[in-house]
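Chemist: Spelled out from the first residue to the last, the chains are:
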Amino acid sequence: MNSLSAENRIPEPDLTERLLLRLSRGELAAMTPLYETVKDSVFGYALSVLKHKEDAEDVTHDCFVSVYRTASTYRPLGKPMAWIITIARNLCLMKIRERKKFAELPDEDWQTVFEDTRRRDPDDRIVLEACMKELADEEREILILHAVSGLKHREIAELLGIPLGTVLSKYRRTLAKMNGYLTKGTEEHE
Amino acid sequence: MNNTELENRVKDAYSGLAPDLLPDILADCEKQNGTVIPMRRTDDAAMEAAERKGDAAKETERNRDAAETAERKRVTAEASERKKSAGGFAWRRWLGGIAAALVLFVGGFAGLNGYRAANGVASRITLDVNPSIEITVNANEKVLAVTPLNPDAEKIVGTMDFKGSSLDVAVNALIGSLVRNGYLSEVKNSILVSVDAKNEADGKSLEERLMNEINAILADSNIEGAILGQTLSKNAEESTKQLAAEQNITPGKAALVHAIATKSDRYSEEELAALTIQELMLISGLSSTQESLTAFDSFQTTGQASSAAYIGRDAAIKAALANAGLAETAVYDLECELDWEYGRMVYEVSFDTAEYEYEYDIDATTGAVVKVDRERADGRGSGSATGNGTTQTNGANGLSGGVGAATGGNGGSASGSQTSGAVSGQTGSNVSGQTDSTAYIGRDAAKNAALAHAGFTASEVRDLDCEFEREAGRAVYEVDFEAGGYEYDYDVDALTGEVLRFGREAENDRDGD
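Just so you know, the sequences run in chain order G and A. Be aware that the first sequence starts at 1, since it is given in the numbering used here, and climbs by one per residue. Be aware that the second sequence starts at 191, since it is given in the numbering used here, and climbs by one per residue.
These are computed hints drawn from the structure, not numbers from a lab. Computed from a predicted structure; not experimentally measured. Incorrect hints may have been included.
[Stated by the list, open to error] List time: in silico DMTMM-like cross-link candidates among lysine to aspartate or glutamate, alpha-carbon distance up to 25 angstroms:
{"id": "1", "chain 1": "G", "residue 1": "Lys133", "chain 2": "A", "residue 2": "Glu403"}
{"id": "2", "chain 1": "G", "residue 1": "Lys184", "chain 2": "A", "residue 2": "Glu695"}
{"id": "3", "chain 1": "G", "residue 1": "Lys100", "chain 2": "A", "residue 2": "Glu403"}
{"id": "4", "chain 1": "G", "residue 1": "Lys170", "chain 2": "A", "residue 2": "Asp504"}
Just need the whole structure built from these sequences, with the hints factored in.
Modeler: This is the structure we're talking about:
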């Protein structure tokens, strides 16, 4: 497996925080580097919660606009990603609420994310499917928050309102589940 | 595949999936600075979704948007009449804020009456969560002022300017801001609404209306609110006013604190004044379904204060029993109550065995044992005892918090009597008549099972730890240890000693916090 290349690294908190501070001063120019740095974390999270590509795009869009608008309320305590993801999470909850009002769940179409991206490592598809289909909602949420969005377990516990111990043990078990599924999958393909 | 590799694969799988949304985002951000607030993108998306779903939905959506636009135009027009400079901008930011906080902004909420000047304060409303905000309105329920009463509240009110807007709209925006800033959520769901009105009947109906409204707003954000309402009487006792001034809290909160302190003399008013509304509601049992207490007749409640941020009674009981090395079946008179002590929320867990009476305070957030007390049931004072008994004495003295602190002292003597029952395959049968015996195999046997599976002896590993856990109806011992540069963790069936699950990761892979 490839080691993380520079672009793939989870964003450093310092950089993200500095960008937020620039935004809070009205420097819209900081939005572009912020978007590039953080978009995977936000979109990945929204997709894993909503399982619907367009809804996830909406939430991602609204999240960044909201970040821009409320950047001045961010307190620089070194947890910029947790702050951004909190906004994204609330938007997801609102989106889910909206769906209930329409009394109809959109068909899960998260698989369509693969249609318009460049040639991808087939392993990615297998891993994505494993996450979306094999894990319980909260397990997937915790996994994505940590592995994709880079939140610490403690931040996840606070965000979801569950004890840290629960996050740690669920995370452990989720990795074990994924491991089991991916290993088994490999065997079946051989 | 180790954990880091797996995490990387997950991260790779989710990267680069989003189309380029940046141009639209930048465009919307620019508009925030401009003079016109356009339809927000989610409204566009909602309309398109409605079109795909059919004409009826389309119709509803159009009407709703029209009402929203009309209301927005009317409010903006009123705003620009009154405001000269930066105030105008504040209005637009506020409108953006409402749209962000509410899923569907129904036009009917806002006061549709024309603006009429009436500057006398007819009612004073305070909202307490931990931020405290005061709203004064005139006889037409138009807002005269919104005042943040503490630093957290300043963040909530921000630059929003409500002068002249209707009370409903202001409350909407403030609740939305509380939610957005994380002071209200599914687990932090409690809010106190206090109304002080010139006319007491008006006050009561206002209180009821506000409670219902706030409930509805929170429900829109998927939050089941616990709302406490009260109408402050004109003759609010002097002591309440004094308490409010001394502790720097609102009269509304002071009234609640006073009511709790009067009912139970375990807490001082000073201690209580520092708690959040949610904590106050939880320890006073105000929001439980039990019969209400006379001291609280002046309060109305809807909803239940969430204790979901806490580990829950079951987990607290589990923690206490594990520390004592006892199974639930081996004790009686088991009680568990949420309480406030040592500056934090704790579960008080107490239970008895034939020999001892136990009392534990378990940290409600972390599950750590904060305090433990054990007395001989016959009052003679603790003496030495076999097996777990001896361990417990050591554990109790040296306790510094953390579940399972007592396990280090487990002597070999316990395993003899404990293993005899269970390993032969009995399930669920209790060996009655003995103080500490259970149908479970005991920690030592669990550790041995894990070690044997991993191929180590106890002396070859470090940090050997074993915790009893019950989840989903199954009892397990969780055994952890370090050896050969790896961290091992095992789940061992507490009745049969079977290894249910195990894991191993390289030590330097562990994620710290």
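Chemist: With reference to the structure, classify each hint as holding or not holding.
Modeler: So, going through the hints one by one against the coordinates:
no.: 1; hint: G/Lys133 / A/Glu403; verdict: violated, 39 angstroms
no.: 2; hint: G/Lys184 / A/Glu695; verdict: holds, 19 angstroms
no.: 3; hint: G/Lys100 / A/Glu403; verdict: holds, 20 angstroms
no.: 4; hint: G/Lys170 / A/Asp504; verdict: holds, 18 angstroms
Going down the numbered hints, you'll see the structure goes against just number 1.
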